[in-house]
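Trainee: Chain residues, written in single-letter form:
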Amino acid sequence: MATNAESAPVEAIPPKEVLYCQVCSFPVEYCEFGSSLTRCKEWLQKTDSQLYDKYYSEEALQAKIGTLSLEAQEKLEKDTAKKEAKAEAKAETALKKKMASQITIKRIERNKRKHVTAIHGLENFDVDLKKAAKFFAQKFATGASVTKNPQGLDEIVVQGDVSGEIVEMIEDGVGLLKGVPKENVVEVEEKTKKKGGD
Amino acid sequence: MFKKFQPSSDVSGQVSVKSSVQRAIRSSLLSQWKITPETLEQIWPKKESLTLVKCRDHISIYTLHGEPLFFQHFDGPFFPTLKLLHKYPFILPTVRIDRGAIRFLLAGAHMMCPGLTSAGGYLPPADAALPENTPVAIHAEGKEHAAGIGLTKMSTEDIKKVNKGVGVETVTYLGDDLWKLQQL
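Chains A and B, in that order, give the protein sequences.
Quick note, the first sequence lines up with residues 1 to 198 if you use the UniProt record's numbering.
Quick note, the second sequence lines up with residues 1 to 184 if you use the UniProt record's numbering.
Since the hints were made in silico from the structure, they are not lab data.
Just so we're clear, the structure is a prediction, and the values are computed from it rather than from any experiment.
Wrong hints could be hidden among the right ones.
[Unchecked claim] Here's a subset of chain B near chain A, in silico, CB distances under 8 angstroms, partners left out:
| hint | residue |
| --- | --- |
| 1 | Glu38 |
| 2 | Glu41 |
| 3 | His86 |
| 4 | Lys87 |
| 5 | Arg103 |
| 6 | Lys143 |
| 7 | Ala147 |
| 8 | Leu151 |
| 9 | Leu174 |
| 10 | Gly175 |
[Unchecked claim] List of simulated lysine to any residue pairs, SDA-like, C-alpha gap at most 20 angstroms:
| hint | chain 1 | residue 1 | chain 2 | residue 2 |
| --- | --- | --- | --- | --- |
| 11 | B | Lys34 | A | Pro15 |
| 12 | B | Lys46 | A | Ala12 |
| 13 | B | Lys164 | B | Lys143 |
| 14 | B | Lys180 | A | Pro27 |
| 15 | B | Lys164 | B | Leu130 |
| 16 | B | Lys87 | A | Lys130 |
| 17 | A | Lys16 | B | Pro93 |
| 18 | B | Lys143 | A | Arg113 |
| 19 | B | Lys54 | B | Val15 |
| 20 | B | Lys87 | A | Glu17 |
| 21 | A | Lys54 | A | Val18 |
| 22 | A | Lys83 | B | Gly108 |
| 23 | B | Lys87 | A | Tyr20 |
| 24 | A | Lys130 | B | Gln6 |
[Said to hold, decoys possible] Chain A residues, not near chain B, derived (Cβ > 10 angstroms throughout):
| hint | residue |
| --- | --- |
| 25 | Gln159 |
| 26 | Lys178 |
| 27 | Gly179 |
Ideal Cβ positions, reconstructed from N, Cα and C, are used throughout, including at glycine.
Whole structure, please, built from the sequences with the hints as guidance.
Mentor: Okay, here's the thing in structure tokens:
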């Protein structure tokens, strides 16, 4: 295995370089067992056609078949195709679900004229909540934190009424908020039930 | 072990490791793995301090600058992560499984004896036999790199003799949640 094991023992043995597939993250030789073989193949052909030939040329495929019975091979191929289709369908539904999920921007009344703004649902769009909170805090010069709401889900709470600004920021796709679809933003207002009076 | 692993819920804390403990870890790594001090120095320089990430079920992952290097269950043997093993494939003894078993390995199954003893498989010869509970790199027929890391459940001689049941317990494999984890 180790190509350089014979180097002098005093010297450190350099690490071996492994090419990982950018599509499925496996070492390229294991792509065939992943769930995105077709895309992996395309990627490898683009990045390194030599390696592509090594793994997917006719001879290579023949050599592989040689170790398996024809029946088993057929079954394996079918399985792979099925797995791929399944993974694709799964990815699609996940994407659909993601696109349908809403971002709620809630203005919560604290104390008559004081408000906090709670933003919920950003994590579905690959936004790092902690970083986003920090970003809001810096932007609005207020406190902002990631807290668990009563349902046990994470949300960002920003002090002060900044709902309008945040909506604008999402629409413009500033910095971290890039890729968040503005159609999914919902603004809500929440007032504390006040004991009557004034 | 890492089939399901979510950093958000499974990690209970991170601490930096005391230097005396680090010394102990270093010496046990040197005794457990086939590695020279110089090579280990390259993976984990003496000046850098490790971070211990404590996880559920007494799993401890040791990271360097947020990158997992090796892990341990309770106070058992140290296992390198697969990425580390790919870079330094010689640190663990090797077993090989046949082509038919790759699918199951990548789904997280334990490795059964027949997959190791068949024509495509490989077990160390009798004079280099491994006792049970040895960490091993699981390679696959026709592949260059390891596909998983396991712990032998029987000695390799027993695997050849019994040829039934679990021979190597899979600890981590390509595509599990530890593999997907780049940073901690």
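Trainee: Against each hint, give a clear statement of whether it holds in the structure.
Mentor: Right, here's what the structure says about each hint:
The closest approach between the C-beta of Glu38 of chain B and any C-beta of chain A is roughly 4 angstroms, which is under the 8 angstroms cut-off, so the hint is satisfied. With 8 angstroms as the threshold, the beta carbon of Glu41 of chain B comes within range of chain A, its nearest partner Cβ sitting at about 6 angstroms, so the hint holds. Checking His86 of chain B against chain A: minimum C-beta separation of about 4 angstroms stays under 8 angstroms; hint holds. With a cut of 8 angstroms, the hint placing Lys87 of chain B at the interface with chain A holds, because the nearest CB-to-CB distance is about 4 angstroms.
Satisfaction of the interface hint for Arg103 of chain B is found here, the shortest Cβ-Cβ separation to chain A being roughly 6 angstroms, below the 8 angstroms cut-off. The beta carbon of Lys143 of chain B comes within 5 angstroms of a beta carbon in chain A, closer than 8 angstroms, and the hint placing it at the interface holds. At its closest, the beta carbon of Ala147 of chain B sits 7 angstroms from a beta carbon of chain A; the interface hint therefore holds under the 8 angstroms criterion. Because the beta carbon of Leu151 of chain B sits about 20 angstroms from the nearest beta carbon in chain A, more than 8 angstroms, this interface hint is broken.
Hint status for Leu174 of chain B relative to chain A: holds, with the closest Cβ pair at about 5 angstroms, below 8 angstroms. Taking 8 angstroms as the C-beta contact cut-off toward chain A, the hint placing Gly175 of chain B at the interface holds, the least distance being around 7 angstroms. Taking the CA atoms of Lys34 of chain B and Pro15 of chain A, the gap is near 14 angstroms; set against the 20 angstroms cutoff, the hint holds. For the hint linking Lys46 of chain B to Ala12 of chain A, the alpha-carbon distance of about 14 angstroms falls within 20 angstroms, and the restraint holds.
Between the alpha carbons of Lys164 of chain B and Lys143 of chain B the distance comes to roughly 24 angstroms, so the proposed pair goes past 20 angstroms and is violated. Of the supplied pair hints, the one linking Lys180 of chain B and Pro27 of chain A holds, its CA atoms being roughly 13 angstroms apart against a limit of 20 angstroms. Simply put, Lys164 of chain B and Leu130 of chain B have alpha-carbon atoms about 17 angstroms apart, close enough for the 20 angstroms limit, and the pair holds. A threshold of 20 angstroms between alpha carbons decides the hint, and for Lys87 of chain B with Lys130 of chain A the separation of about 33 angstroms lies outside it, so the pair is violated.
The suggested pairing of Lys16 of chain A with Pro93 of chain B holds, with an alpha-carbon distance near 17 angstroms, which does not exceed 20 angstroms. Taken as a hint, the Lys143 of chain B and Arg113 of chain A pair is broken in the structure, with Cα atoms around 67 angstroms apart against an allowance of 20 angstroms. For the given pair, Lys54 of chain B sits about 8 angstroms from Val15 of chain B by alpha-carbon distance, which is consistent with the 20 angstroms threshold. The suggested pairing of Lys87 of chain B with Glu17 of chain A holds, with an alpha-carbon distance near 6 angstroms, which does not exceed 20 angstroms.
For the proposed pair Lys54 of chain A and Val18 of chain A, the alpha carbon gap of about 15 angstroms is at most 20 angstroms, so the pair holds. Distance check on the hinted pair: Lys83 of chain A and Gly108 of chain B sit about 16 angstroms apart at the alpha-carbon level, within 20 angstroms; holds. Between Lys87 of chain B and Tyr20 of chain A, the direct Cα distance comes to roughly 12 angstroms. Compliance with the 20 angstroms bound is thereby established for this hinted pair. Taking the CA atoms of Lys130 of chain A and Gln6 of chain B, the gap is near 17 angstroms; set against the 20 angstroms cutoff, the hint holds.
The Cβ of Gln159 of chain A lies farther than 10 angstroms from every Cβ of chain B, with a closest approach of about 25 angstroms, so its non-interface assignment holds. Every CB of chain B lies more than 10 angstroms from the CB of Lys178 of chain A, the least distance being 21 angstroms, so the non-interface label holds. Residue-level check passed: Gly179 of chain A sits 20 angstroms from the nearest beta carbon of chain B, beyond 10 angstroms.
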